[in-house]
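The listed protein sequences correspond, in order, to chains A and B. Going by this note's numbering, the first sequence opens with residue 1, and the numbers climb by one from there. Going by this note's numbering, the second sequence opens with residue 115, and the numbers climb by one from there.
Check the hints yourself; a few may be wrong.
Stated by the list, open to error - What follows is a set of in silico ranges between Cβ atoms, one per label pair, in the way DEER data are often shown:
id	chain 1	residue 1	chain 2	residue 2	range
1	A	His57	B	Pro184	39 to 49 Å
2	A	Thr20	B	Pro195	41 to 51 Å
3	A	Pro8	B	Gln155	15 to 25 Å
For the record, the hints were derived by calculation from the structure and aren't laboratory data. All residues carry an ideal CB built from backbone N, CA and C; glycine is no exception.
Residue-level listing of the chains:
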Amino acid sequence: SQQGEEDPQALSIQEGENATMNCSYKTSINNLQWYRQNSGRGLVHLILIRSNEREKHSGRLRVTLDTSKKSSSLLITASRAADTASYFCATVPISSGSARQLTFGSGTQLTVLP
Amino acid sequence: DARVTQTPRHKVTEMGQEVTMRCQPILGHNTVFWYRQTMMQGLELLAYFRNRAPLDDSGMPKDRFSAEMPDATLATLKIQPSEPRDSAVYFCASGVSGVRETQYFGPGTRLLVL
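Sequences and hints are given; from them, build the entire structure.
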């Protein structure tokens, strides 16, 4: 089963609005990352937050992490049509040890309407 | 602009045929990952190499799939014989072990087995 589960599975908003996506995971982690996938393309890394961090910003992106609830959220402010994509959270579980490989969630499909 | 490259980008083949997919990781990266993406299963890790050595291929059907790294600039994923259920997009990603575990994805190979 997926380590991370995004919520909602699909989100449709108007251009200029904010979009919030959530991710829940099951085991303790080293860090959590968010990736974007445009239709027909590979995944692109957006932002990483370490387990000892609570919030991080990058441009119009804001990520929060609550390790007590094993959850994270990705906020995209002032959305644009170009933000239309699937967004995935990915975790590096502590249990992965030296392997330290990512485990991806099932993704949120964001549609930004012009 | 360093990128992961994958060939071919598209492949249509008949059931029973051998399929070979190739990946050139970013120069200097020492980890390589193969993923399979389908609508039903999402993103599945098939194999993981570090310094050309296979670390984890537990997600790969052993009877028909094989993954190798003949050298640091080439990773291959082979399916023999192929089956219709292998139809998916296959992604290669590379990264640097111990450095945040961020992964850089290639554009993918879209495989259709008839």
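We went through each hint and held it up to the structure:
1. A:His57 x B:Pro184: 39 to 49 Å: Given range 39 to 49 Å: holds, Cβ gap about 42 Å.
2. A:Thr20 x B:Pro195: 41 to 51 Å: 46 Å, holds
3. A:Pro8 x B:Gln155: 15 to 25 Å: Once the Cβ atoms are compared, 20 Å apart, the range 15 to 25 Å for Gln155 of chain B and Pro8 of chain A holds.
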